[in-house]
Each structure stands twice: as structure tokens, then as C-alpha cells.
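Keeping the supplied structure of chain A fixed, place chains B and C upon it in accordance with the hints.
Protein chains in written order, with our numbering: chain A, 504 to 862; chain B, 2 to 148; chain C, 398 to 865.
Worth flagging that the hints you see were computed from the coordinates, not collected in a lab. Take the hints with a grain of salt, since some may be wrong.
Listed next, the in silico DSS-like pairs over lysine-lysine satisfying Cα-Cα at most 27 Å (straight line) [stated by the list, open to error]:
id : chain 1 : residue 1 : chain 2 : residue 2
1  : C       : Lys-525   : C       : Lys-488
2  : C       : Lys-791   : C       : Lys-819
3  : C       : Lys-652   : B       : Lys-54
4  : C       : Lys-695   : C       : Lys-739
5  : B       : Lys-54    : C       : Lys-791
6  : C       : Lys-652   : C       : Lys-626
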Amino acid sequence: MNAEQPRKPGWLSDRLGWGGIAASLERHRAPRRGFVFYLGGITLFLLLLQVLSGVLLVLYYKPDAANAHASLERIVGEIPYGDLVRGVHAWSSEFFIAFLLAHLFTVVLRRSYRSPQELSWLSGLVALFIGVGLAFTGTILPWSQKAYAQARVGSEIAHNVPFLGNWLYRLLRGGTEVTSNTLSNAYGFHVAVLPATLTLIVGFHLFFLSRKPAAISEPADDDDDAEASKASSATEADTIPLYPDFLLRQAVVWVGVLVAVMTLAIFADRPLGAPADPRLSSTGAMPPWYFLPFHQIVRSSPRELLGIDGPKFIVGATCLLGLLVVVLPFLDRKGSKLVAWAGWLVLFVLILLATSALS
Amino acid sequence: MSNDEPKGPPRRDFLGIAVGGSAAVFAVAAAYPVARFIEPGTRPRPGPAVVGKLIEFPPGTVRSVMVDDRPALVVRAQDGSFRAFSAICTHLQCVVGYSPERNQIECPCHRGVYSMDGLNIGGPPPRPLEELQVTVNEGTIIVSAVG
Amino acid sequence: MRSPSQKLFALVAGVFVAAVAMSPARAVGPEGAAAASASIAPGPSASASASASGSASENPAAWGPQGRVLPPAMDATNSCVACHITLTDQKLRAPAKEFLTSVHSDDRIGCAGCHHGDPRDPTVGAHKAVGFDPHPTHAEVPDMCAACHSNASFMRTINSRLPIGEPELYRLSLHGKLTAAGDDQAPNCATCHGKHDILGPSSPKSPVNRANIATLCSGCHSDGKRMAKYGLRTDQFSRWEKSVHGKAFKTGNPKAPTCIGCHGAHAATPPEASSVGHACGRCHEEELAYFEMGPHSKGFRKRGLAECVACHSNHDVQPASSLMVGTTADATCMKCHSKDDKPRKIADELADLLRGARGRAAEARAMLARAREDGLHIAGAPYALDQIATAELKLRGVVHTLDPARLQAPVAAVDKAVDEAKRLVDDAARTRRLERHGYYAALGISCVLFLSLALKSFQLDRRRRDRS
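The following block holds chain A by itself, in its conformation from the complex (with noise of 0.2 Å):
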């Protein structure tokens, strides 16, 4: 394969054996072309950041109702460089998702969920779960009136959940109602029990991606069933070494998004908003981003469906749809052409759905 002499191995890389996990990881390839292929790189490296800033804030941080808003004031404009840590741990998670679900979607569209890659699939998606799950806690930490609007409202929607909606209600309260205990609770998950989970989760994804390596190519129609097996065996040219070529190319991309996440981190004015009185009325109850889809259907959908409530039935429909989509590599196994069409209407609806939301 490669026809260069192994080097002299340096002090350093005698000591840890280097030599033998490069010519391991040189032995990996990765694909040539596609930016698709350095999507699930930069979330990893997302995360890498929101732990590393994350971190930071913790040491300020004060997890109660009396004092969250106060800390977070006082980590924006006292401490040094606290404001570019905030905006770095902010805007780094807004990208993450991104990222994450821009990774779920290409997925989708080439079909790469398709066996064997049931586990990766399988994981990713509890990653995605998680994600979500830690961008909530995230708004509520800094209790400002509009995280106290989305406490309650994400709570109340949670509530609808099937089976275990009353279950998820009072977690996420941390009793009944949002009161301080909610934002305890939320602290607790945002920075242990769901960044632990996490990185557990990501271990196995990658794990599972180094013992089946994922397709690069699309797979061809169905019915061709020679075509899809020339097409999805990689040849020696569509391929480069994981380490170093693909790493170095995965790094340049990383220091790309670190200089966009930074840049706006400086520039772009993320207020914090005022302090949460549960007194006042509420605003700021637009959910983030990604949530606008979902938004836009709880905010037009009728009173009742079906003689359910309205909440009740698109949270439980929604559910529905969530248990498709896990599914999926067990009911398409070979990678119908279908599911492509599929993803991209659903991308198409949702982005349609955003944009109403937003009008």
C-alpha cells in the first residue's frame, strides 16, 4: 500500500508505540471526496469545544434560582474573557446541532444507515436525543425570563409524551412545578448525567464506525443488484490513508469552524435577557432554531384531532415518527431509494414549517 520506510521513531513515539498505531491508522481509509464525510468530524469536535468551555462556566456558574442569572451577569462582564467563553459554549452548541442534524440527514440521504450500520445509526440517534436533551437544560440554566417561558412550556410539551409523559414532566420539573428545583435539576443533567451519557454514546459510534467502516459510496437501484455491488466496493483511488491525509483535511475543517464559532462568539451580541419573574408575562417563548418545525404545527394545530387533545396527539404522532426513523435500517435494509425521495420532502416540509414560524 504505502511505499514510504517506517522513520527513525522519535523519543516520544518509541515510548508510546507510535509506529504501530499510525501504520494501524494509515491501514483505515477514508474517503477521497465529499464534504459529506466531515460532517460527524466537526460535531465530534463541537462537542470537544462545548466540554472544554463548558467546563470553564461550571467554575462560576451557580445553580440556583436566586443566584444562576446574577453569575452568568457576572461571568459575562466581570470575569476576563467570560464573555468569549459563554459565546463560544453558545454559539458551539447552536452548531453542534447543526452539524449533528445536517450528519442525520446525509445519512438519510445516501442511505448509509443500511446494513451493517445498524448500530452506528441506532447510536447516533441516541446522541441526537442527548443533544437535544442538553441544548433544553442549556436554555433553562441561565434563568432569564425566556428560559423560565421554555422551562415550562418544554416541560408541559414532555407531558405529552406517551407512557412516560408524567414520568419525563416531573423530571424535567424537578417536581411539579419550575420552581428552583427545575433548575437544579436541569444543572445536574446539562453537566453530568447527559454529557457522561454522551460521551459513553460517541465512544461506541465510532467504535462501531471502526469495525464496519461506512459506505462511501450511494447504493445503486435495487434492482441492479451487480451495479451496487461494483458501485459500494471503494476502489484504491476514491480512498486516502485515515491518518495522516484524512485527519489533516479533518483538521483544517475544524480550525475553519473554530474561527467561525469564535468570530461570531466576539461579534455577534447573544444578551442574556432579563432575570426570570414568573410574575411578569411571558416572552421570549419562540423555542431555538430547531425547534421551529415543531413550533409552528403546536402553535396552528387545531384545539382537537381525532378526538384527542391537540398537544396530545402531535407530541404522540411526533413520537410515532421518532420510532420510524429508529427503525429504519430494519425496515430498509439494502437502502431503498424511497427513503432518500422521503428525507428530502420531510427536509423540504420542515424547512417550510421553520420559515412560517419565523413569518
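Using the frame of chain A, we list chains B and C on its own:
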């Protein structure tokens, strides 16, 4: 990265150095705000503290209070005069306490002993306790650091 | 300061009560007159001393619970109300109805507490009992109330927290004196508190509740016809409404004075020009103390000028401004001193000091506000603002000494606080500039890293292609 390439070592070396160098500079640049964030510098001290009303301090009272976020002892002598000392031992910064049995200030950590004037009269403490200033204003007792 | 004046009041009260009791002009019923003369039987001087010690009203008087020996069970039913509430004539029914909602709806008081008669008799026979008085006259009412409200031992049995002796204070007031002199237009207790439907002052419906009291006073004092007889102006209420006090009251400031804040309630009497400062000084203590150190205090007293009012006016007092001091046309000093050389010089000096310091303070405040708007967070800003406000407050007080030498220290304190605030803003701005430069540098470094990594990647690719 390989040594057997006959052509263009200067360019390759240059790029390698550029990558390594910019990565090193980048690491330092990223570490600086993190270091500053972790160590936020000094906040303005809270300043003088109201520790109570005159009526709460009959002569012969010794009371532990907080001044400037640090513990302090307010001593009212039998003659009615006030003195206050930082309750931080000059040896290794333990918090000292008043011993009514021996009528002296003691540090439990390493058996330091101070007189009621704050003088280090026994054990390892190298200096007397830092004295604080007591002001009595219309029945309110205010303790502040000297100077 | 308070207790001698109270003693004085009590003495005056004693003398006055004695005088009124002997006055033939007093229009009371035969029983009332008999009782009153009985109470002063030992003679005027004895009555005065008795009143001074607060025991006069404990004597058996025309009204009150002392004479009541009714069995409790009978009292509890209050047969007066039981009967009157069934009557169809509103004039007779209303008092019973109102009584039930009032603070006096207590079986130890009952109707007979004021009107006498015998509530044990459930028929009109009650009306024929000795002393029954269905229509006390205007001047009788205070005595009626005093029977209980000046009787400490009785009041204690009702509610030990209730104040005692307001009727005595009332008798000292101009209102009380006029009423006693037979003026039916002057208010008695019922004019302000109501008759049968009296509520406690904490009830928002009570006319003497803090929220309603200014309206209550203005009900008579803004009535031109009513005031003509006394030669009083009628614009006090409308002027107060526009004053700094009235505006503060409207915003719900619990310390803003209404009429009674300066004039007193039961002992309402206009303050004398020479003592108005004490009325103001009850709240503006520091200003009064400094004023008394200055030259105006003695001068005003000599000329009979009203202390604070001479410059600040009374009912329509406006927020004090540094423009009041100086030699400009509308400066307050020029009202008297426009032609006096030495005072003009001092006024100019004071104005320069005052306006200079306040201007610098305002500038520093604006600077901190601007910094906040620009997103500069300054940890010490609230403290610095506090310092400036405290120093200014001191300065505003000391100005009343009208002594430029005395102003030096507070002006220096303002300047020190202002300098501190400016230093904070400068520091924060410098830190912000440094941080901004740091951000640009970091972005630059990131871009260099991006480029060198990208080039390295290209190089790697090209070498592989060359080889294959």
C-alpha cells in the same frame, strides 16, 4: 514526514515548521484567555462591616464576626473599650478562637497562643494578630481593616 | 424636645377645657350641662391640673361606659340594633346597619355607649330612660368620643394597642377650639371619622386612611365658600398635589407627607413661621441642622420670616435645585439680596462650588451609564455611584450653612468619588481595548493555522499522486 523523499525538503520542512509553529502559537493564544478566566483577579474588598449594636456587646464580650469576608474577633474589655483582631493565625492561617477559661486567644491547629491584646505569647505564631479598627457610631459597631 | 411641648399642650388643654366648661355659650342639653358642671365642681384650677395628668375624662362624665351596669347577656343582643334593623324608615334603620360594619360594633360599646338609654328594654321604653340622647349636638360629639378615647383604662380593655387621648389633642387644635366655641362649620370627630360607620384608619375605605386623608382635608379646605369665613386660602391641596411631596405620594412613596405629615392630625394647627423649620426638620433633619448653623436662621427669626418656606415655599415645595443659589435673575437668593454686595459675592461662590461639583457628578454618572450601554461591565460601578450619591447628599445638606468654607470638604468628597468612577471606566475601557486586540490576534493566528494545515494537506495529496 518521511525522510526518503529526495525532492523539495526545504518546502516540506517549511510547511512542517509552519504547521507546528502556528499550532504552538495557537495553543498559547487559546491558553491565555483560559488562564485569565480561571484566575479572575481580585474583586473590590467588601470594606467595613457592621457587626452589631452596642447593646449586644456588654463589657467582657468576645465575639467572632466576619469583616472583609474574613473572620475577626471583637473584644470589649471590662472598661468598655473595644478592640478587634483578625482571627487568622499568623502562623499558618488557621482561624483562632477565644478561650474563656484561660482568657486568651488560641489557635487549635498548632497550639499558638495570643494574649487578649493580640500579642503572640506562645507556640509557633511569628507575629501578633493583625489589629482592626473599631468605630462606634450611634450605637452601631463598625469594624474595618486599618488603612 | 417632644415631652416639654406635650406638657405645654396638656396644660393649655386643661386651661382650655376649664374655660370651655364654664363658657355660657356652650350649647348642650340640660343633662350634659349638669354633668359637665359636676365634673368641674372642685373649681377651674383643680380641673386644669386633673386634665394635665390625663385623668379628667375618667371622672363620671355625660357619656361613656362608666355608667353602664348592664348584664352582659343583655348587652350581647344589643336590642337597639335588633329593633332598628327591622324598621322600614331608612333614617332609623341606617344607623343600626352602619353600626354593624364599624369598628365600634362591639358589645362592650353598643349604641348606649354613646346615646345612653336602656338597651335592656326591647320596646321604645328604652328611649325614655334617663340620659337618652338621640341627637348629640356638633359641639357635644368630642366629649362623647372622649368618654372612651380619653379613658386609658377602658381603652385597654378593648385593644391595648389603640392610641389614647386623641380627643384631648383635638381640643388643642384650631378645629377643636372653634367647635367648642360653637362653630358648627369647624370639624368635630365625626366630620373626619364618620358617625355610625367608623372604620379603623388602616381600612382603605376609611376617610382617614393615608390614601384618602388629603382628599378629606381638601373637602373643606378647598371649598371657597366654607373658608371665606376664616379668611383661609383654598389652594393648598392643588399646590401640594403639584409639589415634590404630592408627586412622591402619588407614586406610592410611604414617606411622602400628606397634610397631617406637617400639620398634625388631631392637633392640626398651622405651624408658626418661626417654627416651620421643625415641621420640615422632622424628615429633613440634616438640612435643618446645617441651616441653623448659617446666618439666615437668626436673621429670619428677627424679621419673622418662615424659615424653610422663605426659599422653598410650603405646599407647593419643588425639588431643590442648584439653580436656586447664585446671582442669576431667577435665583432664590436674589429675591432679597439683589442689591447686597457681600451676600451676592457669597451666593456666587456657593453657586460655583455647588454647580461645579454637581455638574462633575452628573458627568461621572452619565459616563458610567454610557459605559454600561456600551456593554462595559464595571464591577465597582454600583459602589462608585453610591459614593457619588452619598457625597452629593452631604453637599446638598451643607449648602444650607451658606458658608463656602464649609462646602470645601463635601465638594472634595464629590470630586474624589467622581475621580474614582472615571478611573473605573477608564480601566474597563482599556481592558476592553486590549481584549479586542487579543481577539483579532487570535483570529489571525487561527487563520495562519488554517492555511498551513490546508497547504500541508495539499502537499500530502500531491506527493501521493506523484508517486502513484
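Structure-based check of all given hints:
Taken as a hint, the Lys-525/C and Lys-488/C pair is honoured in the structure, with Cα atoms around 20 Å apart against an allowance of 27 Å. Pair hint Lys-791/C plus Lys-819/C holds up; C-alpha atoms about 21 Å apart against a cutoff of 27 Å. Taking the CA atoms of Lys-652/C and Lys-54/B, the gap is near 25 Å; set against the 27 Å cutoff, the hint holds. Between Lys-695/C and Lys-739/C the CA atoms are separated by roughly 17 Å; this keeps the pair inside 27 Å, and the hint holds.
Proposed proximity of Lys-54/B and Lys-791/C is supported: the alpha carbons are some 25 Å apart, at most 27 Å. A C-alpha spacing of about 34 Å is found between Lys-652/C and Lys-626/C, which places the hinted pair above 27 Å, so the restraint is violated.
The structure is inconsistent with hint 6 alone, although it conforms to all the rest.
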